[in-house]
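Generate the whole structure from the sequences, applying the supplied hints.
If you read the sequences in order, they're chains H and R.
Quick note on numbering: this note's numbering labels position 28 of the first sequence as 28, and the sequence is numbered without any gaps.
Quick note on numbering: this note's numbering labels position 65 of the second sequence as 1065, and the sequence is numbered without any gaps.
Among these hints, one or two may not hold up.
Stated by the list, open to error - Which residues of chain H face chain R? A few of them, derived with a C-beta cut under 7 Å, are: (1) 22; (2) 23; (3) 24; (4) 25; (5) 27; (6) 60; (7) 66.
Keep in mind that the hints were calculated from the coordinates and are not lab data.
Don't be surprised by glycine CBs; every beta carbon is placed ideally from N, CA and C.
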Amino acid sequence: MSLLERYPNAPGAWLGELPITSRYTAGLAGERFLRAIKDDGKIMGSRCDRCGITYVPARQFCERCLDELDEWLDVGTKGEVYTFTLLFENLDGTAREEPEVVAFIRLGDGGLVHKLDEIHLDDLDIGMLVEAVFKPETERQGSILDIAYFRPTSP
Amino acid sequence: MGMRKVAVVGAGMTKFMRRAQETGKELSWQAARMALASCEMTLDDIQAVCLGTAPDAFDSIHLKGEYLSDGAGAWGKPYMRSYVGGGTGVFAPIQGWYHVASGLFDAVLVVCEEKMSSFYPHAQGAFLTIFDHTTERPLKPNLLWIFAMEMNRYMQTYGISKEDIAHVAVKNKRNAADHPCALLGNPDITVEDVLNSELLAWPVNRLDVSPVSDGAVALVMVAEHVAKRVTDKPVWIQGVGWSLDTAYWTNRDLAYPRYVEYAARMAYEMAGIKEPRKEINIVEPYDPFDYKECHHLEGLLLADRGQAPQLAIDGVSLRDGDMPVCPSGGLLGVGNPIAAAGLMKVAEIFWQLRGEAGARQVPGQPKRGLAQAWGDLMQVGTVVIMGTNP
Chain H
1 MSLLERYPNA
11 PGAWLGELPI
21 TSRYTAGLAG
31 ERFLRAIKDD
41 GKIMGSRCDR
51 CGITYVPARQ
61 FCERCLDELD
71 EWLDVGTKGE
81 VYTFTLLFEN
91 LDGTAREEPE
101 VVAFIRLGDG
111 GLVHKLDEIH
121 LDDLDIGMLV
131 EAVFKPETER
141 QGSILDIAYF
151 RPTSP
Chain R
1001 MGMRKVAVVG
1011 AGMTKFMRRA
1021 QETGKELSWQ
1031 AARMALASCE
1041 MTLDDIQAVC
1051 LGTAPDAFDS
1061 IHLKGEYLSD
1071 GAGAWGKPYM
1081 RSYVGGGTGV
1091 FAPIQGWYHV
1101 ASGLFDAVLV
1111 VCEEKMSSFY
1121 PHAQGAFLTI
1131 FDHTTERPLK
1141 PNLLWIFAME
1151 MNRYMQTYGI
1161 SKEDIAHVAV
1171 KNKRNAADHP
1181 CALLGNPDIT
1191 VEDVLNSELL
1201 AWPVNRLDVS
1211 PVSDGAVALV
1221 MVAEHVAKRV
1231 TDKPVWIQGV
1241 GWSLDTAYWT
1251 NRDLAYPRYV
1261 EYAARMAYEM
1271 AGIKEPRKEI
1281 NIVEPYDPFD
1291 YKECHHLEGL
1301 LLADRGQAPQ
1311 LAIDGVSLRD
1321 GDMPVCPSGG
1331 LLGVGNPIAA
1341 AGLMKVAEIF
1351 WQLRGEAGAR
1361 QVPGQPKRGL
1371 AQAWGDLMQV
1381 GTVVIMGTNP
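Here you go:
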């Protein structure tokens, strides 16, 4: 067949890994942010008083005025669901029995995109309060996935 | 031409290093902040931001321009990334220049960043797909052996030896020993060290080629009325030029970079330069390989064809010679975070013309300098000429 035609047997998804990989550094702020999660189970923000913004995840500098952000603060582990979606298909196109829930959880003036679990789908709502559930300390690796997921909570 | 005058009034630079802990955003921020602080300006004074950075693959972030935007100070501002491969670092300030020369903006921040260490196992992998997929890639080319062939052709055409060219690597790595941001400065290196270093792809040995690096550089470029307000030592952009040769490697003259000549002629004409060898005091040509400094000096019409290595051998291009070349230490000595390395050359001219280059300062109060970079599919030349007079 011609290369100009769509190849009917092309895989719908590429399973496994491509041969090119990358090794990133978390950065100066990222290192400190992830260590706080791993070692202390804390989510940290950094504050720019001049611009009145608490960045979460914490950053090294304010993007609005380029000041260095020396003021780090624990923003707690609870935040509101700002928006969410339900994933009904896996990446390879197969249907899921139960949808996976991913959400943007507002923390400080930023927040985290993460998974929601331990939740009844009927209860799921924008504005609901959720809290971070951390992996056991021995399993944490300095990754954003050291937070296993967020679950509903009360104030 | 109806263009406004444009001055560089501030510059900042991170250390160039093998593997930075900082993210690319953080490197960009450090350079941007230093550049603004150097001219006592703040982000509020900046109306637009120009970013230069080479392939997305290096940082392993697609849409790298957008990724780096916060570190470059682009929040809420007109922002654009330019990219002409290795030529980017001297093209980004050209973009900054026409932003201001056109009258559109009075003050712009130009930031160039590269973080090549992310690519695993080696940044060379980022180049594997730049070659033609049908005629070249089946042979698995990489930049080292492509340039080894260009170097060989250059040597053959003019009867130049590896030893002749090694003098350039020695000069630049020795110069870099005086640069506080340098990765590979070495005051004691000799021609024998270069010739005896690991042979990679004949005629290229390890010390003939610049290192993979991480780093960022930033400039503040402003219109005349702003320049007069913020500094009594503005450095003016006198001419800019850029030109592209064929994308077919096999249809290019490998012994002579004609595209650099075209770019240089454009810049010389704009600057009113008739006799470049008499009118240019300092040169920062692009030197990712030692032979490329020679190649580019010839393309810039600053050396006769095949004669550029002699400038290093005779000491003409040393820091205290008649025409200092790469007084910064160049890519061979300071390091080669692609786009940042090009802008480092423009920053070096800025510091040299202001007399602020410290231990690297060339004597004699230079009045005019030229920075040049080279890239894309090894066929673009970018040139900026700066001077103490507008």
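Consistency of the hints with the structure:
The beta carbon of residue 22 of chain H is positioned within 7 Å of a beta carbon in chain R (closest approach about 3 Å), and the interface hint is therefore held. About 5 Å separates the beta-carbon of residue 23 of chain H from the nearest beta-carbon of chain R, less than 7 Å, and the hint is met. Of the supplied interface hints, the one on residue 24 of chain H holds, with its beta-carbon coming within about 5 Å of a beta-carbon of chain R, less than 7 Å. The closest approach between the C-beta of residue 25 of chain H and any C-beta of chain R is roughly 5 Å, which is under the 7 Å cut-off, so the hint is satisfied.
This hint holds: residue 27 of chain H has a C-beta 3 Å from the nearest C-beta of chain R, less than the 7 Å allowed. The closest approach between the C-beta of residue 60 of chain H and any C-beta of chain R is roughly 5 Å, which is under the 7 Å cut-off, so the hint is satisfied. Here the hint on residue 66 of chain H is kept, as its CB sits about 5 Å from the closest CB of chain R, short of 7 Å.
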